[in-house]
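**Student:** For reference, the chains in residue letters:
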Amino acid sequence: MKVSVIENVLRLNDEIAAMNRKVLKQAGIFVLDLIGAPGCGKTALVEATIQKLQPALRVGVIVGDLATQRDADRMARWCDQVVQINTGKGCHLEANHVHQALGRMDLSRIDVLFIENVGNLICPVGFDLGQDVKVGMFSVSEGDDKPAKHPYLVKEASVILLNKTDLLPYVPFNSEVFHADVRRLNDTAPVISISVTQGKGMDAWLAWLGQMRSTYAGAQGVSCT
Amino acid sequence: MHEFSLATAILDLARRHVPAGAVLRAVRVRAGPLRAIDPEAMRWAWTATLDGQPESGATIELDLLPWKLSCGDCGRTWQGEDVLAACACGSKNVNADGDDDLTLMSIEAETIDE
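Chains A and B, in that order, give the protein sequences.
Last residue of the first sequence: 454 in our numbering, with the numbers rising by one and none dropped.
Last residue of the second sequence: 129 in our numbering, with the numbers rising by one and none dropped.
Just so you know, the hints here were simulated from the structure itself, not pulled from any lab data.
Every residue, glycine too, gets a C-beta built ideally from N, C-alpha and C.
Some clues are possibly wrong.
Unchecked claim - Label-pair restraints from in silico Cβ distances:
#, chain 1, residue 1, chain 2, residue 2, range
1, B, 35, A, 247, 26 to 34 Å
2, B, 74, A, 404, 18 to 26 Å
3, B, 37, A, 283, 52 to 60 Å
Given these sequences and hints, build the entire structure.
**Tutor:** If you want it as structure tokens, here you go:
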């Protein structure tokens, strides 16, 4: 027998994501889903951002990895609201992971929540977690063709970060190609060039973050720098 | 291999629509281009997901939607798989439109003889 269904395959995930979004919105928390390849500098970016934001803004972190507590241990040096999620064989975070993590956090002590997704440019993009914005992160050592090869992330991201720009003299990377491909896929998201280890571009990133936080969390007059 | 997690989600949803006393034999899924589904990888992931399950052997049919492309210079519109394709007129000013639709369209189930 044939049964007509016509139902969103990820409906359950989307429903849990909507619950997360409601809880986080009520708590006044601005939430970023950070998506990028392994080694592009996601953890280093969050560490550096925490140090810039605190104590004016209190940061929480949910960090997803297939295994180990290492990233959470790194973050815990800078803030106390950190939850590590080990996905085992899962290549991305799903809304239920975040839902469980939120149950282990004191939301009254968080203004900005980073969800550092599993290092992966494809799978995490398709799963709503309840975030306000998706941050797409690339690094110059990955090559200039990554936006063209991963259009889903570029199209969905509210901002594109290009990290490790201090390595530009040493790696083959055509900035024009990178920027042109990003623009063809997404003509609204700002592209911010940074070097987390050198502290370059961080002011532009923090300014964007502060602006978005005002938009989403309704914060008034809070400086991020 | 995001196809694996999608295969699991498809199976979970399909099972909820199988009538009592029947077993799943086929699913039909529609996906937008943003989902970046590779059909070979999807079929392999589907087969592997069903391995050892009562539904083992059920087939998956995919309707993969193309990008809707439109040239910002000559106005031509067409459909294709390459999101960064140039227009036949030579222009690279091409807008690609496509969504992340992922819909279970139908299932087929077979009544099990007791």
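**Student:** With reference to the structure, classify each hint as holding or not holding.
**Tutor:** Going down the list of hints, with the structure as the test:
| no. | hint | verdict |
| --- | --- | --- |
| 1 | B:35 / A:247: 26 to 34 Å | holds (30 Å) |
| 2 | B:74 / A:404: 18 to 26 Å | violated (46 Å) |
| 3 | B:37 / A:283: 52 to 60 Å | holds (57 Å) |
Comparing the model with each earlier hint shows a violation of hint 2 alone; every other hint is respected.
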